[in-house]
Amino acid sequence: MLGVPWVCSRCLVRPARASLYRRSLLQRRTYKTGSDLSPALLTHARTLAVEHAALSTQLADSFDAKIAKRIGELAQVADTLKEWDNANESISELQSLLDDPRTEAELKSLAIEDLESSKLTLPSISESLKKALIPRHPFAELSCLLEIRPGAGGDEAGLFAFELMKMYIAFCSRRGFRCTIIKKEGGEGSAEDRLSEAVLEIETDGAYDTMRTESGVHRVQRVPATEAKGRTHTSAVSVMVLPSFPETGSGTDGTHGFDDPNSDYYIDPQEVRTEKMRASGAGGQHVNKTESAIRLTHVPTGIVVSMQDSRSQHSNRKKAWQVLRAKLAEQRREAREQELVELRRGAMGGIARMGRGDKIRTYNYGQSRCTDHRSGLTVHNLDDVLAGGQGLESVMDSVRTWFGDREIAVMAAEASIKHEVQRRA
Amino acid sequence: MPRLSTRTILQAYAQDALLPLLLRECRTVDSARSELRWLRQHAIDLTQQRKEQRYRRLQQARKTGQASEGPHSPRNTQPHRKPTQHHSPEHAPPKGWRRTLRTLCHARSRGTPLQYLLGNQPFGDLTILCQKGVLIPRNDTETFTYAAAEQIRQHFPPPKPEPNPASPNPSPSPSRPPQPLRILDLCTGTGCITLLLHALLSPSYPSLKIVGIDIHPPAIHLAQKNLRHNITLGDLPARASQDVEFRRADVLACPSAPTSHSKIRGRVPALEELLPCIPDFCPRAQDASKPNGQMGREGEGEGGAKVEVDVIISNPPYISRTAFLDGTTARSVRFHEPVLALVPPSPASQNGMVEGLGQGQGQGQGQGQEEDVFYARIVGLAGRVGARMVVFECGDYEQGGRVVELCRRGVTARKLGGRWEAGIWEDETVVESGGEGGKEGACMVVVKRVDVQG
Chain A
59 MLGVPWVCSR
69 CLVRPARASL
79 YRRSLLQRRT
89 YKTGSDLSPA
99 LLTHARTLAV
109 EHAALSTQLA
119 DSFDAKIAKR
129 IGELAQVADT
139 LKEWDNANES
149 ISELQSLLDD
159 PRTEAELKSL
169 AIEDLESSKL
179 TLPSISESLK
189 KALIPRHPFA
199 ELSCLLEIRP
209 GAGGDEAGLF
219 AFELMKMYIA
229 FCSRRGFRCT
239 IIKKEGGEGS
249 AEDRLSEAVL
259 EIETDGAYDT
269 MRTESGVHRV
279 QRVPATEAKG
289 RTHTSAVSVM
299 VLPSFPETGS
309 GTDGTHGFDD
319 PNSDYYIDPQ
329 EVRTEKMRAS
339 GAGGQHVNKT
349 ESAIRLTHVP
359 TGIVVSMQDS
369 RSQHSNRKKA
379 WQVLRAKLAE
389 QRREAREQEL
399 VELRRGAMGG
409 IARMGRGDKI
419 RTYNYGQSRC
429 TDHRSGLTVH
439 NLDDVLAGGQ
449 GLESVMDSVR
459 TWFGDREIAV
469 MAAEASIKHE
479 VQRRA
Chain B
70 MPRLSTRTIL
80 QAYAQDALLP
90 LLLRECRTVD
100 SARSELRWLR
110 QHAIDLTQQR
120 KEQRYRRLQQ
130 ARKTGQASEG
140 PHSPRNTQPH
150 RKPTQHHSPE
160 HAPPKGWRRT
170 LRTLCHARSR
180 GTPLQYLLGN
190 QPFGDLTILC
200 QKGVLIPRND
210 TETFTYAAAE
220 QIRQHFPPPK
230 PEPNPASPNP
240 SPSPSRPPQP
250 LRILDLCTGT
260 GCITLLLHAL
270 LSPSYPSLKI
280 VGIDIHPPAI
290 HLAQKNLRHN
300 ITLGDLPARA
310 SQDVEFRRAD
320 VLACPSAPTS
330 HSKIRGRVPA
340 LEELLPCIPD
350 FCPRAQDASK
360 PNGQMGREGE
370 GEGGAKVEVD
380 VIISNPPYIS
390 RTAFLDGTTA
400 RSVRFHEPVL
410 ALVPPSPASQ
420 NGMVEGLGQG
430 QGQGQGQGQE
440 EDVFYARIVG
450 LAGRVGARMV
460 VFECGDYEQG
470 GRVVELCRRG
480 VTARKLGGRW
490 EAGIWEDETV
500 VESGGEGGKE
510 GACMVVVKRV
520 DVQG
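Residue numbers (this note's numbering), protein chains in the order written: chain A, 59 to 483; chain B, 70 to 523.
Note that these hints are calculated values from the structure, not bench results.
Check the hints yourself; a few may be wrong.
Said to hold, decoys possible - When the alpha-carbon atoms are kept at most 30 angstroms apart in a straight line, the in silico BS3-like pairs for lysine-lysine are as follows:
1. Lys517/B <-> Lys376/A
2. Lys120/B <-> Lys224/A
3. Lys124/A <-> Lys229/B
4. Lys164/B <-> Lys120/B
5. Lys177/A <-> Lys140/A
6. Lys242/A <-> Lys124/A
7. Lys294/B <-> Lys377/A
8. Lys517/B <-> Lys242/A
9. Lys376/A <-> Lys229/B
10. Lys201/B <-> Lys229/B
11. Lys120/B <-> Lys242/A
12. Lys224/A <-> Lys164/B
13. Lys385/A <-> Lys417/A
14. Lys229/B <-> Lys127/A
15. Lys376/A <-> Lys164/B
What the hints assert, rightly or not - What follows is a set of in silico ranges between Cβ atoms, one per label pair, in the way DEER data are often shown:
16. His175/B <-> Ser254/A: 23 to 33 angstroms
17. Asp520/B <-> Tyr324/A: 35 to 45 angstroms
18. Ala176/B <-> Ala283/A: 30 to 40 angstroms
19. Glu243/A <-> Pro226/B: 54 to 64 angstroms
20. Arg179/B <-> Arg458/A: 50 to 60 angstroms
21. Asp520/B <-> Arg194/A: 47 to 57 angstroms
22. Lys375/B <-> Thr359/A: 55 to 65 angstroms
23. Pro272/B <-> Glu243/A: 28 to 38 angstroms
24. Arg477/B <-> Ser254/A: 45 to 55 angstroms
Just so you know, even glycine gets a beta-carbon here, dropped at the ideal spot from N, CA and C.
With the sequences and hints as input, model every part of the structure.
Take a look at the structure:
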């Protein structure tokens, strides 16, 4: 029918395959959690809904800010669960209507239509229920600091660190985040394009939630500019996303109070040693030193933050405090998370925790690809990723989805264990 | 000043050819590198500005016939954002910035202060404009101003906020506005202390009056410019334009005696003559019997005008003639900053008005050091205006000790009425690396009246 005696099957397959590839430059290798809700998760949602109802009646009697906040957190779960119940109920009702032999044909056809539409909405409802069940990250609504440090790989790592910094700046300007460099150190040598350390401040609320997918070790594979023989090197740059807290005094919601000794993120000023770099000799009006470096040392943990970018000692100190706070808060949160992980591991074994020590992403220049090792997403347009474009965004989105999936999986496992224990008792 | 080692110079040169120039003033590679970074950014901004000016002038020349104005606006349309610290790739630095940078570096190597080259100095959250002829604000002064604001807040508990702080509507205050907290800043220079105090205190004190005094007209102009500049930047609240005032007066002059600074032309009003002209410093009602009104203002009788001030803060000239010349004072300061703001006039040139130093003591230590002229004078003034707190910056701990002693003698001689506490303020939280023992450098003396509650 093609007018030729026969066509080689490969010749037919090849163009088809090419078009297939062109359509999806993105390859995906993710593990999926079940699309429907596990019974354990459902019971978990129900207990939350019961709590919500109980608290609501309590709130009607007397107002308490804490309870109101908790209700706000639970409201979404309760609402979505109600929706889910309604959908299920209507489905079962329609089903019984269909099963009833006495139903008229006209009514039946209507019921079939309704049933189909209800069944279609069910997956999206269960999806949003799952999302509502994921607990909010404690720092999710904060702005953030992004610390970039070259790791193994010498000069080349410094060069790539600079490129990563440019990437994040471009990403921020594309997303409309306000981003300032609060610390940039180029290390020895005059080269402008390599870093020994940089800290970016992204001053948009919720930036932490967006950027937290970036914490970890970024690996680069390429032929460096400094390489004479054309060999590919692998080096690493570590990126740390730290929460940036609003200045004390202005933020009165008290959840992240630094002045409150009971707060989780309280820093005792006695434990911080402030050092001013100061030459010996006369001071005050006698000299006009432009030296403004400040070094803070948190004595119990040994964290050192030094800052010298600004001409004012005061603002250097303020920024150093900001970074120190962020680092301590992140450390404490991580420690708590680690505890949780230990607990869970005792219960069910083998849950991966992605810390800052793990390699999270590879930028391969030779193959012009960027692979995220957590979500398994590969983007074959490295230039776009490094320009902070759509590619980077899709990678970050995939990681965020992966975070959510993982959280759900963990929660489901946990809930099922609880269920088991209850049944046995 | 120890000689720079060849190694250091070579090391600096390897990093940037301009670094050795800066090293002459900075002495360490680290600080030279920081200065180079700031200068480079300034050179780029400056060149860009010049280029845009030239472009604008050209356009205007071309459009002389047409009435329409050009659509281009000045470079920084939003002045409160600093120019970005990195030059993003799409904005390549303008041509010629390297030459500008080289000029700046050469000027710096000859000792011109960085702040005069850059035109400003950050001071707390404020940006203080600097120009030749007015003393540059120091880092020490910044630290002291923060500490002083803290001390003031402790000594004068701020009024309780309105019962509903959620709605800060300014209208429903009581019919009579409360007595403002009155602060006098003597020898204000750029106005840095005055402005930073306002920025720090205005959130807690709804009513505030700070007056900065200087003898040097360019300083007064610059201070007023700084006030406007920081209000437009949004670093100072708009009410600062009412709360803050800068006036020209001679702190050392006696009202009876003619002006002490013959160098400056025209008659400068003495401080005593000026203060009654400031309405906020005169108690509004004679019948208001303030607790501190009865006691402790012995010297007030002769002038007739009642003047009341709560706090006096001052960073007066405090360098002695010898310390100015014997190498204690840095070259850059000696050659480029105004002597008027550094070295107090010698008592000999004054018309016998210096109180507390030579006269009236009788004891051996009665004859004071010439560089303490201002302190003695201000302590006397504090007694007369019923101040309850005096804050001084002093050149070193020795001088600080002398000033503390001076205040104690002032109390015994009943110049300061009531009970007072004087001491050198210590910053416990800061370790100064590099200095030996931390007893070098400037210090702050705080004198508080303790028998009257604020």
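*Report the numbers of all earlier hints that the structure fails to satisfy, in ascending order.*
Violated hints: 6, 8, 10, 15 and 19; rest satisfied.
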